[in-house]
Amino acid sequence: MTLAKSDLLFDLKRNHAGKIKIKAWNKSQVVMAGTFVMLLLLTVYGFLTFDYKGISMIEATAATLHNVKLMFLQPVLSHFSLAEAMYQLSLTMGLAFLSTILGALLSVVIALFAAKNLAPKAVSNAIIVMVAFIRAVPTVLWVLIFAIAAGLGSEAAIIGMVFHTIAFLVKAYAESFEELDEGNLEALRASGASWWHIVIHAVLPSTVTSLLSWTFLRFETNFTVAVAMGAAAGAGGIGFELFMASGFYFDLREVGFITYAILLVAIGLELLSTQLKTRYLKSSAAN
Amino acid sequence: MALLQVQNLSKRYDKEKRVLSDINLEVRKGEFVSIIGPSGAGKSTFLRCINRMIDTSEGEIHFDDVDVMALSKRELRKHRTKIGMIFQHYNLVSRLTVIENVLHGRFGYKSTWQGILGRFTEEEKLQAFNLLKKLGMEEHAYKRCDQLSGGQKQRVGIARALIQSPKLLLCDEPIASLDPNASKVIMDHLQTISKELDITCIVNLHQVDVAKKYSDRIIGLNSGRVVYDGTSTELTSSAIHTIYGSEAGELIME
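One line per chain: the protein sequences are A and B, in this order.
Under this note's numbering, think of the first position of the first sequence as 171, with each following residue one higher.
Under this note's numbering, think of the first position of the second sequence as 164, with each following residue one higher.
With the rest of the complex left out, here is chain B:
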């Protein structure tokens, strides 16, 4: 049984232009999927449709046997706790400490008042420290986030997503603002999460070589359509050119 099923998904912002059209795919538990494609292909929109940060126009999404389109506001909150999200610009509250930012991932499980008062249990705090330790960030726990480097911030972002105990991680260009070294650290962590914790990762990427190296499966998007869906080994250079709509030999690759 697939963890995520997407059927005939379409999204349009205005009447003429479709951002996503007729997307069908299934993602298994623990799978590491990369989505590649040119800017404006609809990669970010697709990710945000899965946790309904963006409402879809047509089609169905089933996640963990739940019809995502039919969720009420309260159910949607619960749905979102099962999906962690990681962003290109980390999106941490920079004036707060690392540990506070990690604990922000628990709000989905809190009642309004518990959340407002910031009441976290000792287990949750312990879990937050454990996650930071796993990501090699334990000595920074009490630092403010604006003192961290980009790679460190992204690791805090990952910890915040993992403390949700998610079944799926959506990563929206997690390494687009990072140097090659920090990028490797982040991608290695994501791979470990997928392999060891059996958490499905769907990662939007601009770097084709990175996608090939880390993913079990690659999905190519162009103008809102799936133009490639296969394993990373099968991704030939002509397939890459179809995805990016470019002439052969025009792309910068390793």
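The following block holds chain A by itself, in its conformation from the complex:
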């Protein structure tokens, strides 16, 4: 009796079993649930209808594990020396470094015109759309496109990587510029300072930390991209050796060694950038 009364009072919803509902299903939840169910069904269907070509699951797994063991537990260099490997690694680092530095320098200038608080809206929108388009196309494709003019090799790789770096950094830098306190700009504008004065003496000093941290991030990305470019575009460096070891000599143990070398460098870069950030950038902000 009391329950029936509260039904009227609160406009309760009950499921078909007569229990009070506590979930309100909205459209997005229904779509999400529907998507999961569909994916599950497709996965099951996929496994049932695969063409296994008579491969034994057990044999295949064993062979894969053996290969993994060869790669990662018994890495060795057979076609070139350790010194050569170091040299090739430094080549790859060089590719990454050069494309990051060139890209960063150009990006700072372009980003000034892409930031909504510094440039006219039309200019900023045009640049934002352009870099979004460039970013949507993978780096490898840009490298291959530039290879038409520059030929396969490090030149095309650098141009393509710089291109993609610019597209990434312009967006990142422009967003950093936009976070700047509008009052800072207003104060200088009100004193009669020109646009370039404001940029050099207010915008850049205030945002240099975030610009540098974006640049480090891109350098790390560019290192891995440079490895791929060595393999895919003949840009040289450790990536090319990796391609030779795997696709040409089928030497899994060498692939393992090169993978470890790349991994070590990547970890090293990561540690370095964290150290730089905490030690120099943060402390200068706290000073």
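Careful, some of the hints might be misleading.
Said to hold, decoys possible - A short list of chain B residues far from chain A (calculated; beta carbon distances all over 12 Å):
#1 Ser220
#2 Asn254
#3 Asn293
#4 Lys347
As the list claims (entries may be wrong) - Reference listing, derived: stretches of chain A covered by chain B, where coverage requires no fewer than 3 residues with Cβ under 8 Å from a Cβ of chain B:
#5 343–357
#6 370–378
Said to hold, decoys possible - Short derived list, chain A residues pointing at chain B, Cβ under 8 Å:
#7 Asn196
#8 Ala360
#9 Gly362
#10 Ala363
#11 Ser364
#12 Trp366
#13 His367
Just so you know, these hints were derived from the structure itself, not from any lab.
Quick reminder that beta carbons are idealized off the backbone N, C-alpha and C, glycines included.
Mind docking chain B on chain A? Use the hints.
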């Protein structure tokens, strides 16, 4: 001859709503004028119309015998050097030192390259130190601005405005973020500037008692109109209620 003449000034951001309507006033050299009024009355907009940080919709502004509306981009820069501006949130570049921030006030006098390279003459640097000394900030000259207290930051803001050698100081709620003690220091400095250097000060204020104590003249704004324009002694409590559009006895005052 008045330093600043404003005639029939109106500003609208969209078609219907007027932020400022039909403002007429003259300000003499060396005068200390406070503008009071409720939030949204158009006080900040009015200040920014004077140095054309905001373009007006109608009306004329003459400053120092120059028609402010007719200025080209280059002339506008020169116009702005004659007007210093002080802000509620100080608007200093917090990563730079005090002295660097003060020298930022000289950019209006620099060519593009001189400014980019940060070439300041020895006289300018000396002047910057002298100003800091006058404001009691000389020992902080090489500190970064994010190490300063609010009152100290505002004094740097004043030094930056004064190094422009301005004829007019526009102060947009200079003490709204400060404690009573720091507020007094800042207002005393502004008063000295107006009296001793003969620089006109137009100050937006929320504190009626402060406005009464320091100003030669008070202008009351409400909904973009001048509803009071007179000396601080003539500002009666009924006039204050007209300005703030409130019932008698509802305001917090000393």
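Here is how each hint holds up against the structure:
With 12 Å as the threshold on Cβ separation, the claim that B/Ser220 sits away from chain A holds: the shortest Cβ distance comes to roughly 20 Å. At roughly 4 Å, the least C-beta separation between B/Asn254 and chain A is not larger than 12 Å, which violates its mark as non-interface. At roughly 18 Å, the least C-beta separation between B/Asn293 and chain A is larger than 12 Å, which holds for a residue marked as non-interface. For B/Lys347, the requirement that its beta carbon stay farther than 12 Å from each beta carbon of chain A is met, with the minimum near 24 Å.
For the stretch 343–357 of chain A, the stated coverage by chain B is satisfied: 5 residues place a CB nearer than 8 Å to a CB of that chain, which reaches the threshold of 3. Only when three residues or more bring their CB closer than 8 Å to a CB of chain B does the claim for the stretch 370–378 of chain A stand; here the count is 6, and the claim holds. Violation of the interface hint for A/Asn196 is found here, the shortest Cβ-Cβ separation to chain B being roughly 36 Å, above the 8 Å cut-off. A hinted interface residue such as A/Ala360 counts as satisfied when its beta carbon comes closer than 8 Å to some beta carbon of chain B; here the least separation is about 4 Å, so the hint holds.
Interface hint status for A/Gly362: upheld, as the beta-carbon distance to the closest one in chain B is roughly 3 Å, under 8 Å. Annotation: interface hint on A/Ala363 holds; nearest CB of chain B at approximately 4 Å, less than 8 Å. Satisfaction of the interface hint for A/Ser364 is found here, the shortest Cβ-Cβ separation to chain B being roughly 6 Å, below the 8 Å cut-off. Annotation: interface hint on A/Trp366 holds; nearest CB of chain B at approximately 5 Å, less than 8 Å.
At a threshold of 8 Å, the smallest CB-CB gap from A/His367 to chain B is about 4 Å, leaving the interface hint in force.
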